[in-house]
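**Student:** Could you build the full structure based on these sequences and the hints that come with them?
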Amino acid sequence: MPLLETRRLTKRFGGLVALRDVDLAVEERTIHSVIGPNGAGKTTLFNCITGFLVPDGGDILFDGTSIAGLRPDLVARLGIARTYQNIRLFKHLTALQNVLIGLHPHLKYTLVDAIFRTPRFRRVEREAQREAEELLAFVGLAGRELTIAANLPYGDQRRLEIARALALRPRVLLLDEPTAGMNPQETQEMIDFIRMLRDQRQLTILLIEHDMKVVMTISDVVTVLDFGEKISEGTPDEVRRDPRVIEAYLGRGAASGLSQPSIVEQREAGQHGAP
Amino acid sequence: MTSRLVRRAILSGIVGGFAIWHVSLVGLVPAFAGRRLIGETITFSYVLLVAFLALTAFVAARRFPGALARVATGAVAGIVASLMMVLLSVVITHVNLRAIFLNATPELARVLRFGAADGTTGLLQTLAIGLVSGVLATLLASLPTPWPRTLVSAAFTTLLLGLLRDVVGPLLPRTITTFLYGPAGLTVQGAIVVLAVALLLFSARWFLVPQIAPAWARLPEAPRKVGSSAFLLLFLASIPLWAGLFLSNVANFVGFYILMGLGLNLVLGFAGLLDLGYVAFFAVGAYTMAVLTSPELPHGPQLSFWVALPIAIVATIISGVLIGLPVLRMRGDYLAIATLGFGEIVRLLVLSDWLKPYLGGAQGITRIARPEIGDWRIASPQSFFYLVLIACLAGWFLSIALRDSRFGRAWFAIREDEFVAQAMGINRVIGKLSAFAIGASLGGVSGALFASLVSSVVPASFSLLVSINVVALLVLGGMGSLPGVVVGALALVGLPELLREFQEYRLLVYGAILIAMMIFRPAGLLPERVHRRELEEAVEAEREVAPAEIATGRG
Chain A
520 MPLLETRRLT KRFGGLVALR DVDLAVEERT IHSVIGPNGA GKTTLFNCIT
570 GFLVPDGGDI LFDGTSIAGL RPDLVARLGI ARTYQNIRLF KHLTALQNVL
620 IGLHPHLKYT LVDAIFRTPR FRRVEREAQR EAEELLAFVG LAGRELTIAA
670 NLPYGDQRRL EIARALALRP RVLLLDEPTA GMNPQETQEM IDFIRMLRDQ
720 RQLTILLIEH DMKVVMTISD VVTVLDFGEK ISEGTPDEVR RDPRVIEAYL
770 GRGAASGLSQ PSIVEQREAG QHGAP
Chain B
11 MTSRLVRRAI LSGIVGGFAI WHVSLVGLVP AFAGRRLIGE TITFSYVLLV
61 AFLALTAFVA ARRFPGALAR VATGAVAGIV ASLMMVLLSV VITHVNLRAI
111 FLNATPELAR VLRFGAADGT TGLLQTLAIG LVSGVLATLL ASLPTPWPRT
161 LVSAAFTTLL LGLLRDVVGP LLPRTITTFL YGPAGLTVQG AIVVLAVALL
211 LFSARWFLVP QIAPAWARLP EAPRKVGSSA FLLLFLASIP LWAGLFLSNV
261 ANFVGFYILM GLGLNLVLGF AGLLDLGYVA FFAVGAYTMA VLTSPELPHG
311 PQLSFWVALP IAIVATIISG VLIGLPVLRM RGDYLAIATL GFGEIVRLLV
361 LSDWLKPYLG GAQGITRIAR PEIGDWRIAS PQSFFYLVLI ACLAGWFLSI
411 ALRDSRFGRA WFAIREDEFV AQAMGINRVI GKLSAFAIGA SLGGVSGALF
461 ASLVSSVVPA SFSLLVSINV VALLVLGGMG SLPGVVVGAL ALVGLPELLR
511 EFQEYRLLVY GAILIAMMIF RPAGLLPERV HRRELEEAVE AEREVAPAEI
561 ATGRG
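These protein sequence lines are chains A and B, in that order. According to this note's numbering, the residues represented by the first sequence are 520 to 794, in order. According to this note's numbering, the residues represented by the second sequence are 11 to 565, in order.
Simulated from the structure, these hints should not be mistaken for lab results. Be careful, since some hints might not be right.
One side of the interface only, derived from the structure: several residues of chain B facing chain A at Cβ under 10 Å [unchecked claim]: (1) Ser362; (2) Asp363; (3) Trp364; (4) Pro367; (5) Tyr368; (6) Ala389; (7) Ser393; (8) Phe407; (9) Leu412; (10) Asp414; (11) Ala423; (12) Arg425; (13) Ala431; (14) Ile436.
According to the in silico footprint, chain B covers these stretches of chain A (three or more CB under 8 Å from chain B) [to be verified]: (15) 596-605; (16) 627-634.
In this text, a Cβ means the ideal position worked out from N, Cα and C, and glycines have one as well.
**Tutor:** This is the structure we're talking about:
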């Protein structure tokens, strides 16, 4: 059984159909990428899964139970964490505080405990502090605990965002363009890091990514969206050869004129060839 | 270069001159003319005028490198500003402007000439004072670092002590008082002594403390903390022993505002919800106390203070939730306007004839119970201070406990980014309502204590101005900063209470202070730790970047 599944998921914004009957099945401990041209509905899909948008049709199943229309905080507590395309940290708080906020649902003490600083409060807070420090060290931010998030370098902000998402102790991690704005070396580090998340932390990862090299390197399964519809799905190699994908990216008729594998590669070159 | 310098000096002088025109014509300068600070001659208005001249010169000169250029700029700016004073003085003497400007009296003209008779000498005297103020201000600013603030603080302290003669005088032993103070303000020898002592103390503060601080910081943290808090606590507890009736009352009012400030800080500083109707909670607390304890109302239960207090707290918590519920989805400006409305609704309800049988209408409710412990009735402002102190300490520790717990962090998250906070598993509704409810409870305690101390409540005490005061003291002290609340309350409530005669100009000064804050200290007087570090780190980053940019030939 897939861990996360959408069935005929539909979302409309007025007359615009952002998602139409999208079926998606994310298997446990896989890296599943969603790609598609701008406006294909990728982020809308994320927003539906995380509860920020209520779908107009279809269903979303997490571990077999429906989560469609569930409040975002409840979805998060079930074990679905996400990062954002444009980094959305708590900018004016320290790195440690950012991660501690991610741990919020797991800190079991009451208001009375907090006000009177009971032993339970102290113990839970001490453990939380340690766990947050470990998470920061895990993403490579040891020593930056007390730095204000806004003052971290760009790459570190991305890592901090992932550390914060990991603090939720999720089972599924939704990453929205984690390598956006990174140079080739940083991108490679992020690829290794995402693999490590799957292998060491047993996470299931749903990924939106524009960088085809990244997608083709790390994905177990790739789903292609175009104008809100799923047009292709399969392993990176299968998707790469699918004429409908090439059409979606390069326009109608392009598929017949060009050899298939090279097109995606050309795209890559166009995106990343420039220094 | 020279022409730019002169242009800037003249421009600043004109702006400074306009500022002086403004404070003169609205009546600030004439109102302060009667208040002597030092000896027979130095009045509050002269000090104010010189301060404006000095500030003009300082602002004009502060960006120029080179002491000589600065002093020259300051001198020109000072002369230009004083020239405008002279101009106003001449115009007022020869043209009757009183149909438009009530305060444009011959008396004002005399003050603008620094007391000299009308004529060339008087005008020259003003110009000379302008020149000297400008030169001195810029010279002072050119001194090496701890000196300017030492000198300015000492001078400021001396003038403040002169201003507060009626408050400070009675507290000191009679012999010292007669030596220091004349019939109004400090005597000349008193001023010299005070200035000398202040200089000594402030130089110790600014020269020695940076050297002692590292040694102090090396001491183990626990005894250091306990030591300084014990000292502070002893000082606070001693206040009623030496402070008279008047000062104790002022201290109580400052305490009420500290409590409200701490409460609003939870809502605004921590959770980022701009509540402009905070006075509603103050009113609910006060009226609950009044209704439950006063024998005046036909159906009043006439409870004791100690029974009524927890009920008042619960009532404000409920009112906090009730006000919070409908505005949950609002943010920023919309929230501010909605809460503003709620504050007014509460005031109009207690004022209404409809609820008059229950809440007393415009006459309010009197004979509210005072707290009693055994046979001891806490009625005097001095003894009441202890109650206020305990409440403030409770509010303080509550704020700290919440700040360092998951509840406080949830509020921070909501303040920073409500949507991401939800994605972190934080319940937005519970987070916001708890901020409103807990924040309200402190306002309720403040209101209940207030009602009991003054023993009566009238609707007029719960105007919009209270809400604005509380927001302003948070802004002044630094949003989210707990010591900032105390400093803000002292500055915005304590000081004006001590200077009641100038109450008319309170809002004018408020406005000026808030604008100055926005420009010079946007994070407040005592910013929250994190904000301070954010600014420091940003400066550091700039420094780190700068050499690289120079090396690559950029910028």
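**Student:** Decide, hint by hint, whether the structure agrees.
**Tutor:** Right, here's what the structure says about each hint:
no.: 1; hint: Ser362; in the structure: violated (36 Å)
no.: 2; hint: Asp363; in the structure: violated (41 Å)
no.: 3; hint: Trp364; in the structure: violated (37 Å)
no.: 4; hint: Pro367; in the structure: violated (38 Å)
no.: 5; hint: Tyr368; in the structure: violated (33 Å)
no.: 6; hint: Ala389; in the structure: violated (31 Å)
no.: 7; hint: Ser393; in the structure: violated (27 Å)
no.: 8; hint: Phe407; in the structure: holds (8 Å)
no.: 9; hint: Leu412; in the structure: holds (7 Å)
no.: 10; hint: Asp414; in the structure: holds (8 Å)
no.: 11; hint: Ala423; in the structure: holds (5 Å)
no.: 12; hint: Arg425; in the structure: holds (8 Å)
no.: 13; hint: Ala431; in the structure: holds (7 Å)
no.: 14; hint: Ile436; in the structure: holds (6 Å)
no.: 15; hint: 596-605; in the structure: holds (count 4)
no.: 16; hint: 627-634; in the structure: holds (count 4)
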